[in-house]
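K.L.:
Listed here are the chains, written in short residue letters.
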Amino acid sequence: MFVVYISQSMRKILLSILCLSALGCLSVRAQSLLEGSQVNGSFQIDGQYYMPDAAIDITPESINGKKLGLNGFGKLQYTNGNFSAGLRFEAFLPQMNGFRDELNGVGLANFYASYDDGTIGFTVGDIYDQFGSGMVFRTYEEWSLGMDNSLRGARVVFRPTQGVTIKGVYGRQRYFWAPYLERDFKDSDYRGIVRGVDAEWDLNQSIPSMNDAKFHATLGGSFVSKKQADKSTSLNIPENVCASAARVNLAYGRFAFSTEYAYKINDPSAINNFIYHEGRALLSSLSYSQKGLGVVLQVKRVDNMSFKSMYTAKENDLDINFIPPINYTHTHSLPSMYTYSTQPNGEMAAQFQVNYTIPKGTALGGKYGTKLTFNYSQVNDIVRDSIEFNHAMTLNESGTLGYTSKFFAVSDKVFFRDINFEIDKKISKDWHITAQYINMLYDMETIEGHANAPMVKANIGFVDVTYKINKKQSIRFELQGLWENEVHKGFVYDESEKKDYQKRGDWLAGLIEYSITPHWSFSIGDKWNYGNPVPEYRDHYFSGNLTYIKDATRIMLSGGRQSEGVVCVGGVCRTVPASSGVSLTVSTSF
Amino acid sequence: MKKLTTLLLMTLLVAGLHAQTKTDLPNVTLKDLNGKDVNISKLSNNGKPIVITFWATWCAPCIKEHNALSDVYDDWQDETGVKIYSVSIDDSRSTAKVKPFVEGKGWDFNVLLDVNSELKRAMNVSNPPHTFLIDGKGKIVYQHTGYLEGAEEELYEEIQKLVK
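If you're matching them up, the sequences are chains A and B in order. So the first sequence is residues 1 to 590, counted in the numbering used here. So the second sequence is residues 591 to 754, counted in the numbering used here.
In isolation and in its complexed conformation, chain B is listed as follows (with noise of 0.2 angstroms):
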């Protein structure tokens, strides 16, 4: 049992060291709020860091993060020109709550649907929240699963070594 184990870690290990180069966005394509398609691969925000976050309107966790986000996003916006990017991973039993749920929340974010996890399984997300850091060129440059209270704080510091 424990050589089995070993073995699947370690070929995945050796398989995750090949893989040491950041990142481009998929090509995936999402519909955002007002219906309009979104190509995630040609995302982007003039140079200026993207971040993008994953959630549920069934997430305690991605709901505080939002919340915590939202009380800060007009400074970050004022002083890096960042851009943040919602995906809600709600599948077709809460697809028509997520608009009036965000306005309801007073977000401002650009939000997306990710109706059947597309985007979720193509950027390797296990479990909401999950969030992801994009340059000025369009790769990924710094990733963070869960949510714990002030985790934005570290968010905000990765944001800024990229304006720098």
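Here chain A stands alone, though its shape is the one from the complex (with noise of 0.2 angstroms):
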């Protein structure tokens, strides 16, 4: 089996090399026959050595008796004026820990050609667009991840005049290896088609008499709608679904507003325990920004909005839209350790955030200014009242309408909270400081599903201090502390729910980081779990980190202990377990 696994991936990998040469060869003949030929790509390796560490519960059976893991990617991309054309290889052999086991194998993962000229533009191949705030149809690819929901198919975009855009993408997604043709089906891959048009129009754009006018407005509609095969012997699955959303984007001056409403029509499926309730959403935006000085005001609401290519799919699989969290996004380990994610069956959200700089020359701004941020955000579940059916009140039951919902109800419910408070200060030429105080309140329960865990409540505080030795050394600590609280008070714990606690409770995390700039940097750190309820768990997590990085060359080689928790890019979050070992990172541009 192994031999044989062996020979046809390296059957894919010469495949790959015959290409990647064609197409090398390509812009060589392209270069000496057509004047504008350009290739230009990128790669990108993470190779992790595992070493056992029970106290962290690493043994060779949680890790599969994997030893190694490695994530990889080439990317190569071919342009020539109005066309392009590009392909990229991934391989996981085999994923490295965290990582969903349908990624093993190696592939050409993605490729198309373009053709755009401004006024018209096709695509062929792997597609990645996003109708205006994504709420109903976005592809992206996060490989740092492990997640791309491209589509594959085709796309048009049209510029009819100045100001109109109009989209249409049609195909079918990705699901990590599986095949794209239906004859070619395991019941496992089986997804629908999607399909999708979107309209935008500037006025400012259009209307020459308001080219320069002070009030800026956009409208934009799309409709998008996937087409699947109802598989169930017991539902009735719609077999078309479509979603639309509007959008108006409005500014005046310093004043912007943006808001974009989505309607999905019943689509029962895994996530929403196959109820035939109808999908909202709504997602309102309103700015002010002058110099020194920005405000900014979000409301959300989302009801049943889940909007998958296959109505059997979990967690990211197959999502056709994506509605972002909106709740502010952390930058160091401790606060990010609880970060947000949507809810997609129903959540009310609201954030405000003000970035205010104290000027210079001014008693409190001192002679470079001082930066300042306050965000409050907060996320409630919606209210659900449950609904008649066979003469007896139901909630939520599957094959039924599911529940009605006030628009405007927020339910006492609380997932999430985050209050929090930054400074950022130059305090000499060579003294930098960021501090920054968070008080947060995380529904692990619903969040993570974990169930049972209890409201992780926390204080959360970190000191960030660079200091700059000369022009080219220079050193930066960073304290980072988390404060649980309740979690301790009146504490019981069965052997069987242990597991829930691990790293829970109370942390400390220290970080020095010296670097030589340009190329180097030497990093050591321990985050400290001293005050986890069960003692057991309290352990170190200690790493250690040296990074190379010459042009847009980085060679990072790391080691240590990494602590279980939510690794986040770009505002998609994923859980990676703890692990322990050696890691090697080289990524290039080129």
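Hints listed in this document are in silico derivations from the structure and should not be mistaken for laboratory results. Bear in mind the structure is a predicted one, so any value in this text is a computation, not a measurement. Some hints could be false.
[Said to hold, decoys possible] Okay, derived cross-link-like pairs now, DMTMM-like style, lysine to aspartate or glutamate, Cα gap no bigger than 20 angstroms in a straight line:
#  : chain 1 : residue 1 : chain 2 : residue 2
1  : B       : K612      : A       : D551
2  : A       : K425      : B       : D661
3  : A       : K360      : B       : D664
4  : A       : K360      : A       : D317
5  : B       : K621      : A       : E422
6  : A       : K360      : B       : D665
7  : B       : K621      : A       : D551
8  : A       : K468      : B       : D661
9  : A       : K472      : B       : E747
10 : B       : K626      : A       : D212
11 : A       : K167      : B       : D698
12 : A       : K550      : B       : E743
13 : A       : K472      : B       : E748
Join these two chains into a complex; the hints should help.
P.N.:
Here's what the structure looks like:
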């Protein structure tokens, strides 16, 4: 079996080499024949060597006997004027710990060819695009999280006149390494076809007299549908599910307002417990900005808006849309241990943020000015009222309409709250300090699906100080603390629940980083779960890191323990298990 | 395993060797903070250099880099006429926050919104911060990933090479 596997992947690799060299030769020939042909690309390899570490539950069994994990990709793009084409090769040999098993394999994950002359554009192959804020359609990839929901098919973009853009997309989504043609499908590979159109009209660009107006308006609308097969024996699953959205962006001087409303017809799925409720979402933002001051208020309502190209898909698989979480995205490791992710089945969210710079030359601003940030965000559940079904009152019963929900009603159930204040100050030519205080409420049971896990109520703080030793060398200190008082009160657990308390309780973290610009950086740090309610979980997570950067190449060697937690990149988060070992990252672009 | 990795690496390196010519800016259109369309391939600064730097509101080293560039931007402009385009790769979770964030920090760069990472992909950016220097003819002549304290000085040396 193993031998067969290798030979198959070898064949795939050889095939890819052929493709790449063909493309390479093509570019060489093209360079001599056609002025303007260019090839560029990038690659990255992340390798991890695992060491068993019983203290944090890493045993040969828990890592599946895996000694090594390797994720890599290579990407090439060819452009010539209005034409471009590209391919991305991916290798998971096998995937690193914490990545989905389905990724295991090697192959050409993505390719496209595209022509765009400014009026009309065509793309065939794997498509990434977004309509409005993405609430009915967004395809994207986040390689570092092992996520890619690209659409293999075709896209047309038409710009009939200045300020008007009409787009159409058609295709089937990537599902790890599953084949794209229906005739090759095994049962688990099945997913539907996605079709969508979007139109946007920018009044200022299309109406000459409004070109330089202080008032700015853009209108847009989208329509997306999926065609899936009904494989259910007990329920009648709709084979065509459509969703639509309308949006408005307005700006007047320093004020800006934007809003988008999305609607989806009944779409029973594994995510919503197979109810036939309609989906609705609203996202609105209002902001004011002037030099040195920015204020933004956002509100959001989501009701049953999970939209996937297969009704049985779970987690983040086969998402057609993206409902953005609007809370503050943290930059340091302890506050980002508890990161909120959108609850597609229902939430009411609001966030308010102020960015202010105390001007230079004032008593509080000092020589360089002082930058302040305040953020308040909160997410509650929506209110669901039970409905009558078969002469009984039911709530969220599969096969029914599920519930009714008043649009403006907010449940008392709080999923998440974050109140934080940050100060960022350059004290002198050589010293710079950033400090933040965070008060956080995090409903672990809902967000991470840990049944009965107590709510996280934490006070978190960090201080980050940089000292410039001279023109080339600098040293940075980071000290973080997280205190979770309530988890200790009257704390009793039985042996079976113990696992729920991994990483809970109080933490301290420290880091020292020494850098020699422009190439080298060296850091050592420790995270210590000193106040875990379970004494045997009071572990240290030592780690060290050596980075070399030259131009667009980065080589990073790190070693140590990584605590279990959520890793977030670009607004999408993934839970990674604890790991222990050595890892190496090489990335470059050319 | 080793063979596979080596093969993958070599293939890409060989492919990379074909790409020694200076690259043009890609044909991608983004919106600026006032909602105006900006076509990246048509960016121009009257023959003077342009810096394009990728960042996000959640990226601490990016904010450091922007603060450092903001401190020296006036001097750089006086001396070399360089123009800085700052491309935010924040997705729709933070799109509405970018303008108040930039203004609140007091940054003077031309900020563009790359909400679905279209330019990020076209310019092969893996992780922010990532900075490009473009010469007066619109060719990418230098790029740098990551930000270490004082790295803006190296960038400035490259800018000065272009205006001499």
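K.L.:
Of the numbered hints stated earlier in the document, which are not met by this structure?
P.N.:
4, 5, 7, 11
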